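Trainee: Chain residues, written in single-letter form:
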Amino acid sequence: MSSSGLFQGWLIWGGGSRPGRPDAAGARSIRRSIAESGLFPAASILLLFGLVMVASASMPIAEERFGDPLYYLLRQLSFASIGLLVGAVVVQIPLRFWERVAPALLLISALLLVLVMFVGLKVNGASRWITLGPISLQPSEFTKLAAFLYLAGYLVRHREKVSSDLFAVLRPIALLAAVGVLILIEPDLGAAFVMMVVVLVMMLLGGVRFSQFMLFILFGAGFLLVAIWMEPFRVSRIASFLGDDPFLVDPRGRNYQITQALIAYGRGGWQGLGLGEGLQKLFYLPEAHTDFILAVVAEELGLAGTLSVVALFSFLVWKAFRLAMRASACRQPFACYLSYGLGTWIGLQALINLAVNMNLLPTKGLTLPLMSYGGSSLLVMMIAIALLMRVEYESCPLARRKLRKNRGSHQ
Amino acid sequence: MSSHTITGDTLVRRILVGGVLFLALTAVVWRAVTLHLFPEEVSARLPSRVNQHIGEMLIPARRGEIVDRNGAVLALSTPVVTVGCNPQEFTASSEQRSKLESLLGEQRGWLDHKLSRYTSRKYIPLKRQVAPYTQKQIAALGLDGIEFRRGVRRYYPEGEAMASFLGFTNQIDEGQEGIELAYDEWLNGSPERVSVVRDASRKAIETLGLIERGEQGRRLHLSLDRRLQFLAYRSLSMAIKGHEASSGSVVVLDSDHGEVLAMVSLPSFNPNDPVQRRGGALRNRAVTDLLEPGSTMKPFTVAAALESGVVTEKTIIDTSPGTLRIGSKTIREFRNHNYKEIDLATLIRKSSNVGAAKVALMMRPRQLWRVLDLAGVGEPTGSDFPGEGTGVLRDHARWRKVEQATLSYGYGLNMTPLQLARAYLAIAEDGVLRPISFLRHPQGDNGGEKRRVFSVETAQQVRAMMEGVTQEGGTARKARVKQYRVAGKTGTVDKLVGGRYADKEGKPFGHTALFAGMAPAGSPRIVVVVVVDDPKSGGYTGGAVAAPVFAEVMDGALRVMGISPQPPQQG
Chain G
0 MSSSGLFQGW
10 LIWGGGSRPG
20 RPDAAGARSI
30 RRSIAESGLF
40 PAASILLLFG
50 LVMVASASMP
60 IAEERFGDPL
70 YYLLRQLSFA
80 SIGLLVGAVV
90 VQIPLRFWER
100 VAPALLLISA
110 LLLVLVMFVG
120 LKVNGASRWI
130 TLGPISLQPS
140 EFTKLAAFLY
150 LAGYLVRHRE
160 KVSSDLFAVL
170 RPIALLAAVG
180 VLILIEPDLG
190 AAFVMMVVVL
200 VMMLLGGVRF
210 SQFMLFILFG
220 AGFLLVAIWM
230 EPFRVSRIAS
240 FLGDDPFLVD
250 PRGRNYQITQ
260 ALIAYGRGGW
270 QGLGLGEGLQ
280 KLFYLPEAHT
290 DFILAVVAEE
300 LGLAGTLSVV
310 ALFSFLVWKA
320 FRLAMRASAC
330 RQPFACYLSY
340 GLGTWIGLQA
350 LINLAVNMNL
360 LPTKGLTLPL
370 MSYGGSSLLV
380 MMIAIALLMR
390 VEYESCPLAR
400 RKLRKNRGSH
410 Q
Chain Y
0 MSSHTITGDT
10 LVRRILVGGV
20 LFLALTAVVW
30 RAVTLHLFPE
40 EVSARLPSRV
50 NQHIGEMLIP
60 ARRGEIVDRN
70 GAVLALSTPV
80 VTVGCNPQEF
90 TASSEQRSKL
100 ESLLGEQRGW
110 LDHKLSRYTS
120 RKYIPLKRQV
130 APYTQKQIAA
140 LGLDGIEFRR
150 GVRRYYPEGE
160 AMASFLGFTN
170 QIDEGQEGIE
180 LAYDEWLNGS
190 PERVSVVRDA
200 SRKAIETLGL
210 IERGEQGRRL
220 HLSLDRRLQF
230 LAYRSLSMAI
240 KGHEASSGSV
250 VVLDSDHGEV
260 LAMVSLPSFN
270 PNDPVQRRGG
280 ALRNRAVTDL
290 LEPGSTMKPF
300 TVAAALESGV
310 VTEKTIIDTS
320 PGTLRIGSKT
330 IREFRNHNYK
340 EIDLATLIRK
350 SSNVGAAKVA
360 LMMRPRQLWR
370 VLDLAGVGEP
380 TGSDFPGEGT
390 GVLRDHARWR
400 KVEQATLSYG
410 YGLNMTPLQL
420 ARAYLAIAED
430 GVLRPISFLR
440 HPQGDNGGEK
450 RRVFSVETAQ
460 QVRAMMEGVT
470 QEGGTARKAR
480 VKQYRVAGKT
490 GTVDKLVGGR
500 YADKEGKPFG
510 HTALFAGMAP
520 AGSPRIVVVV
530 VVDDPKSGGY
540 TGGAVAAPVF
550 AEVMDGALRV
560 MGISPQPPQQ
570 G
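Chains as they are written, first to last, in numbering that gives the first Met the number 0: chain G, 0 to 410; chain Y, 0 to 570.
Everything labelled a hint here was simulated from the structure, so no lab data went into it. Careful: at least some of the hints might be erroneous.
Subject to a maximum C-alpha distance of 25 angstroms in a straight line, what follows is the list of computed DMTMM-like cross-link-like pairs (lysine to aspartate or glutamate) [claimed, not checked]:
hint	chain 1	residue 1	chain 2	residue 2
1	Y	339	G	63
2	G	363	G	164
3	Y	481	Y	383
4	Y	202	G	185
5	Y	357	Y	493
6	Y	202	G	230
7	Y	349	Y	255
8	G	121	Y	493
For the chain Y half of the interface with chain G, some residues (derived, Cβ under 7 angstroms), not all of them [unchecked claim]:
hint	residue
9	10
10	12
11	49
12	181
All values derive from a computational prediction rather than experimental measurement. For each residue, glycine too, the CB sits at the ideal point set by N, CA and C.
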């Protein structure tokens, strides 16, 4: 059963989708599913938009660091190509496979996290990277995905107990919190925070009791405070954030990054200075091509550009939640939980990144999904999009038919 | 949606999660709109920071060159680079390091020694004033962490011969001494101000536009003659060496135009070597050093006497017994001669102190003072040379009798060699004095105010008497120039040290040998003043030490200026 399930997709990819040949009963071609879905254009636009902005933002710093203005762009392009290949494979693999291997994936991720503590590449005081020849990978990114896959599977297996048995709830939370601590050790508070929040949201949507949920919220908040107090630089970031006017506190010091980001918005105005015309990326704005790529968008493309980014992410999240609800209606719990998890993840990480860029939240090392420079982040996000596409492909014909009928009645 | 889903995502919970996300989305959108369109709402300081990238940059003007009267270059600014190093990025191998060291003309290990002192710095200047050609060679090595900064270097092709006259510039090409300082503004021009886009490391990325147009430094056309300057330099340095003198100066003037043709001061220095730019060598002694002119003042005493009518050309003065006592002071002749009864021409030819004193005492103080004052003693020459000395001539109302007597042969007043040369202009130009200029004036007139010091007849009479100095029986036969008639006057001055001319045993502290003269005597074109300070061997008189230098320089000047020879008059 399982082995045939594993190769089901491959068979379809190989012959089922040839034009002119009728599909197997009840099945659609994956290509057609992808083409009909809004996921593909939205994600593609974000990806291409991101590549263009990485090109614009990274040229000065790449020239300075490597003497090659295209250095970062070419790397990001190759990661995107790898991501397309991996995504094409992932989309062929039935969700049942992931449900089964999720615990193993989580274990491998945890082992990699332990490994990175010892052999990790240190950048800016944090060892987050494992180097494999020319590329370096960030295990914490993969851990997040593995955690959501695992939790979705767990919620399926323990659906009944979760809403009654506190122990059944505590078990995955404790396990994932332990993994979260491994991420914190790197230290990567942003990743750990995103992971735990998404885990809690999945718990909530998985039917955990409200009272227990609130308990976890309190527990998580306490945990967060401890994590913040442990590291002095986090305290200073919060302190600089709480100072209302970011310019009043030491404009060249710890607030430098955020004030330079804020300047970019005012320079952009309505429609921006034009692609490539921004000046903040000329070393005024540190990390212009990674965490602060939105500031570059804002300066070069203005309010129109910023709101486009917001709209695209909103659409992705909305689409993921729609898929989750449809999967729920189709009695596909794993697909449902996974979609919720991935949708919340993409939404939360985008929201935090945007909020940090606009000084609504203190500075955190979080990338903007699909847009920021960074191989691991891009790869994992493309896998997440591929998983959502697979969820859409696997959703039941009933729901689809209902949808089509509705659409037809509107026309 | 029913609440009986198998997944537990009840409507309430969906709304809760969706609602929280939607609220966050609203906040982000609201914030984006505010930041983009109303940044002043977020911080009052944001709008002013919007133009933080725009800055101003100065593009320095190239300093003008200095040329001599024939257009030969005397000072030139050339672009150079400062080779610097960022030790944080410098990763050259030892082989590359030794290549770099040899290109910079340094020994092995010099680089490591230099870098080891400032390992934490981000920039160390390694070598200044490197030629662009060497820069290309260094750049070809392709080393990381090596930086080039543009600069400019002033080069003086004539070296020591011109050093104290031209002066020099500092590292940013501003005049520090001499002509470079006097005409700094003219030479410097003004930098161009442009507005530029700068990156965060303040590096200019792009030029936006011109704020203020600059002006290139202008060329300075001097009246100096390069060949003559070198001749004077060589001649004077040979004399200083030969007579073991301590210093000296030569001034050559074009008497028709008041232009300085050469002005040498020794000891000198190499202006192309910044290490040598210190100490007394920097001083241009021809302009800054005050000295008592001694016997070279006697022609003016005679001229004043002729002018005031107390004597005529034929007047005989009895100088016996070779001394003259005024109060407690006894005036003696040189080497205690007794010239007995002499006329004015002999007075000049033999340089009789007693005769000059007696002539001076025939006049009222004001009559002598007026000629000296008009001749420019105690008055700037109008050259505007930095640090120019003005000299002292005390007011005649306070002269005592002995002062009036000593003034007549050049003691009790002081002046610079340049002032002395200028005073001689009055004798050369038939009594008319004009300001001195270092610049070439194509129309032949430097525009200065001319004034009459004494009459044409007086000037011609004095000049005729001065011709005798170089003839048989004169004090300076060595000042003769072949084929030309020369008029001049020697001076041998006891040095004034601490208010005294001689030590307790009556021995003088030293001498200054002078010769001032002009040629051709009939209608002078060139005036030359030679000063040699403290000659210790081979004689010490103006006639023995300064006159040969005068003859050599004058000979060269007459040829260089293309003045046709006139056979000397007999008698």
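Trainee: Hints first: check each against the structure and report whether it holds.
Mentor: Going down the list of hints, with the structure as the test:
Proximity of residue 339 of chain Y to residue 63 of chain G is assessed by CA-CA distance (about 93 angstroms); at most 25 angstroms being required, the pair is judged violated. A C-alpha spacing of about 35 angstroms is found between residue 363 of chain G and residue 164 of chain G, which places the hinted pair above 25 angstroms, so the restraint is violated. The suggested pairing of residue 481 of chain Y with residue 383 of chain Y is violated, with an alpha-carbon distance near 35 angstroms, which exceeds 25 angstroms. For a cut-off of 25 angstroms, the pair hint linking residue 202 of chain Y to residue 185 of chain G is broken: about 36 angstroms separates their Cα positions.
Distance restraint check for residue 357 of chain Y and residue 493 of chain Y: the Cα-Cα separation of roughly 21 angstroms lies within the 25 angstroms cut-off, and the hinted pair is therefore satisfied. A threshold of 25 angstroms between alpha carbons decides the hint, and for residue 202 of chain Y with residue 230 of chain G the separation of about 35 angstroms lies outside it, so the pair is violated. Only pairs whose Cα atoms come within 25 angstroms are accepted, and residue 349 of chain Y paired with residue 255 of chain Y is rejected, the gap being roughly 29 angstroms. Between residue 121 of chain G and residue 493 of chain Y the CA atoms are separated by roughly 83 angstroms; this puts the pair beyond 25 angstroms, and the hint is violated.
With a cut of 7 angstroms, the hint placing residue 10 of chain Y at the interface with chain G is violated, because the nearest CB-to-CB distance is about 10 angstroms. At a threshold of 7 angstroms, the smallest CB-CB gap from residue 12 of chain Y to chain G is about 6 angstroms, leaving the interface hint in force. Because the beta carbon of residue 49 of chain Y sits about 5 angstroms from the nearest beta carbon in chain G, less than 7 angstroms, this interface hint is met. Against a cut-off of 7 angstroms between C-beta atoms, the interface hint on residue 181 of chain Y is violated, since the closest Cβ of chain G lies about 45 angstroms away.
This entry does not satisfy hints 1, 2, 3, 4, 6, 7, 8, 9, 12, going by the numbered hints stated previously.
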